[in-house]
Amino acid sequence: MKKDLKLIFEMSSEGRKDFYLPKESIPEFPLEEMFEEDMIRKEEANLPEVTELDVVRHFTNLSKLNFSVDNGFYPLGSCTMKYNPRLNETLSLLEGFKDVHPYQSDKNIQGALELMYKLQESLSEVSGMDYVTLQPAAGAHGEYTGLRLIKAYHEDRGDFERTKVIIPDSAHGTNPATAVMCGYKVVEIPSASDGTVDIDGLKKEIGTDVAAIMLTNPNTLGIFEKEIGTIASIAHEAGVLLYYDGANMNAIMGKIRPGDMGFDVMHFNLHKTFSTPHGMGGPGSGPVGVKERLLPYLPIPVIKKEDEKGKYSLEYNVPKSIGRVRTFFGNFNVMIKAMAYIMTMGGDGLRYASEMAVLNANYIRVKISEFLNVPYNSICKHEFVADSCQLKKNGIKTFDLAKGMLDNGVHPPTVYFPLIVHEALMFEPTESESKDTLDSFVAIVKGLVDQAETDPQSLKEAPVTTPVRRLDEAKATKELNVRYSFE
Amino acid sequence: MKNSYIPHTEKEIDEMLKVIGVKEVEDLFSDLPENFSVKNLRLSPGKSEFEVKKQISQMASKNVNSEDYSIYLGGGFYKHYVPAVISHIAERGEFLTAYTPYQPEVSQGSLQMFYEFQTMIAELTGMEIANASMYDGGTAAAEAMLMSCRIKKKYRYLVSENVHPEYIEVMNTYAKSMGIELVVIPYDEATGMCDTELIKSNIDEKTAGLLVGYPNFFGVVENLKKIREATEGILLSVSVNPISLGVLEAPGKFDVDIVTGEGQPLGGSLYLGGMSLGLFACKKKYIRNMPGRIIGETVDVDGKRSFAMVLQTREQHIRRAKATSNICSNHAHNALVASIYLSLIGKNGIREIGLNCTRKAHYLAQKIDRMDRYNIKFASPFFNEFVVETSLDVEEVIEDLFEQKILGPLSLKKVFRNEKYNNLMMFAVTELNSMDEINFLATRLEELL
Chain G
22 MKKDLKLIFE MSSEGRKDFY LPKESIPEFP LEEMFEEDMI RKEEANLPEV TELDVVRHFT
82 NLSKLNFSVD NGFYPLGSCT MKYNPRLNET LSLLEGFKDV HPYQSDKNIQ GALELMYKLQ
142 ESLSEVSGMD YVTLQPAAGA HGEYTGLRLI KAYHEDRGDF ERTKVIIPDS AHGTNPATAV
202 MCGYKVVEIP SASDGTVDID GLKKEIGTDV AAIMLTNPNT LGIFEKEIGT IASIAHEAGV
262 LLYYDGANMN AIMGKIRPGD MGFDVMHFNL HKTFSTPHGM GGPGSGPVGV KERLLPYLPI
322 PVIKKEDEKG KYSLEYNVPK SIGRVRTFFG NFNVMIKAMA YIMTMGGDGL RYASEMAVLN
382 ANYIRVKISE FLNVPYNSIC KHEFVADSCQ LKKNGIKTFD LAKGMLDNGV HPPTVYFPLI
442 VHEALMFEPT ESESKDTLDS FVAIVKGLVD QAETDPQSLK EAPVTTPVRR LDEAKATKEL
502 NVRYSFE
Chain D
342 MKNSYIPHTE KEIDEMLKVI GVKEVEDLFS DLPENFSVKN LRLSPGKSEF EVKKQISQMA
402 SKNVNSEDYS IYLGGGFYKH YVPAVISHIA ERGEFLTAYT PYQPEVSQGS LQMFYEFQTM
462 IAELTGMEIA NASMYDGGTA AAEAMLMSCR IKKKYRYLVS ENVHPEYIEV MNTYAKSMGI
522 ELVVIPYDEA TGMCDTELIK SNIDEKTAGL LVGYPNFFGV VENLKKIREA TEGILLSVSV
582 NPISLGVLEA PGKFDVDIVT GEGQPLGGSL YLGGMSLGLF ACKKKYIRNM PGRIIGETVD
642 VDGKRSFAMV LQTREQHIRR AKATSNICSN HAHNALVASI YLSLIGKNGI REIGLNCTRK
702 AHYLAQKIDR MDRYNIKFAS PFFNEFVVET SLDVEEVIED LFEQKILGPL SLKKVFRNEK
762 YNNLMMFAVT ELNSMDEINF LATRLEELL
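Here the protein sequences line up with chains G and D, keeping their order.
All residue numbers for the first sequence refer to this note's numbering, where the first residue is 22 and numbers rise by one.
All residue numbers for the second sequence refer to this note's numbering, where the first residue is 342 and numbers rise by one.
Don't read these hints as lab results, they were simulated from the structure.
Cβ atoms here follow ideal geometry from the backbone N, Cα and C, with glycine treated the same way.
Mixed in with the good hints there might be a few duds.
Listed next, with one range per pair, are the computed distances between beta-carbon atoms [said to hold, decoys possible]:
1. A425/D <-> E176/G: 21 to 27 Å
2. K499/G <-> K761/D: 50 to 56 Å
3. N398/G <-> E375/D: 31 to 37 Å
4. S126/G <-> K626/D: 44 to 50 Å
5. K645/D <-> P340/G: 55 to 61 Å
6. P211/G <-> E432/D: 43 to 49 Å
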């Protein structure tokens, strides 16, 4: 059906219902006896009145409008759209995990605590950090937790002068947004000509008013900061702590560890590096790893292993803790999937995954650089950035190339990021993809670049094969129709 | 070499290396400083699918699984019935393995679902608009505080002490880093309700807003009309249990400014508190100050109805340091679950479930209140949860009930980590607690005397 898909509310028929509770004889206390008159609901919420089949059909039809990793190649830079193994899903649905209440006593959740403790240990090993907390709900939430730990560390030492956080101009948008939420001023430093941190620029900004430097390594151009040792020394000599944004961890597992490079605190994205699905935007999970000096400030509760027989407990008595960053223990259902992945891959498997991710990225970098400008065209890690400026003369922008890819059944790379490359296309193929897939993809991109020369107009009209075509985004923002109107 | 989920053959690797112009894979890592490099990770070797399945299943079996018990634990997470359709639909790869809908032409499934979700949450809460989800009830409450301070440009915020204690802990963490003075206002000890007089006297010219629970942590249904009257001039936020809104008046009817809440009861499983869903709704005039993703309706070039992310200029990927929040990943997939749930139970079901829960809870409360040595702590209206004071040892009561295959009640001392709550326990009742189960629990509580 090529027709508009109805909204579930438009399928509704007054009085239709397909949901039944058991027949029991429950005392029929009138609402007026239970609640104050003012507090009783008068008007029903306009929820759908449909059958179970309507629901199944509606959501199945909706799902078919989505592109996903299961549909095809999804080389979205900085997002690590690797395959999401189904074993992990199966295990996360076990009743022994799914049906456990957060307020059950410690002795009744030993299996869950064991899984979390083992995941913490595994992540510590992968990262070279001393301890990991699993509480943060997402990458940005991990950044928040990490910077709060840094703040607590400085303040505990009586140092209240550090009001700034240094962030390179190539950083993820969450970095500066997080720094502000932690009450810091952001100092952005420009990248050097090869896309890495400008050491002289850094030296100029560093001082006793700086709390932290936030970096990702490899950076968002996929380039490894070779001078990371120097950067760490510059930071530490000035009493500044080094934060590692783990979004790009898929490049370096089993090769080099943030903890060894001199980072003091970091977050992981279990939904990137450790294969848990992105679920249309979440839930993710953003565990935070720390070096020993930050241990006293961890969010509560802290999971402890009491003895070698494997009894686990939750410690709430952490006097210098930054407090809670969310309710309960974190996105436990996501943790199960990440643990299953790590156990399946093993240490060697994780290392091999990073090797193949980097091999794939370099392979398409070389091939794509034959017909598109790659501004920093040297050995990259898991991703690289191209620039479509050359097509501007035909009126074609990166935006148009991306839409053209949609017509070819592949998802575009991340576009217009990092901001330091004007018409940026940021490719991250991941280790999941075969050479065949990469070859077909490169051929598609080449075809589009050729099309930009020969028939730019058709590219400006793309996509034509997708469920909807280019949207009127101005109308969306101007009219702000953000909910269905029942009138 | 163990290589689950990785397709490369030796031959392909060689061909690819040749194209790149290097000899071996190791050459691709020659830019890593040698002094920091590692040779291997001290993790167990990779395992086959069935070994992993066995080992992780063993961990699952070490947990007490509430399916084998009757459960009266609540405190923000509730065990409601999860219809069979949910896992079948939610596990579809097109939902599970899609990213944030940055390419709307191939994300209309996600976008339309979010638009429907926003509508359902707005309807349920009686608010004009809702966003496409936050992490959980705690961070949603904290974001309501930040948003209120942003709108009012004032940095003093009030929260009633009977709001979920973990929410207050999260708000406290967020307040501290933003230089917000968070004032916890004690509740009325006799009723368990907000102390409106005390709230009123705590409002000064620096105060941005107040957050209350509805029902509050003790299950007590606050009188939002009185609270609104006491909070003129400041922004009022209400943290809800969405299931209660089948029978309780929608907060929007009281001119509330922001509604937040924990969406887990809407079809989410317990997962040790991990399958959380932050609900966030507000008045439309505040939309530009709202955190998180918002989806709006528009048309495509052919005039076909379509959906797109709107007001992205509030968000971190565009606005960076000036964003309304740092939130990027949200809890989209849990919002899908809530949407499926609300579609299945529908207009009628939300009311029936709410009624069922509250009537059963009242029945149990009535029985318990008649027994010696157990008292209903607060003589106030409540939804599906209530606090009981006992002269028995709460831990011993819980231990005994556990042996009778009953999980709960919740020891309030455990939650508050405060001696003041030593003799208090809280029972939560849902439609899953049958009348037979409830009668059995009551009998057992009586036998303990």
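Fill in: Enumerated hints in conflict with the structure, sorted upward
1 and 3
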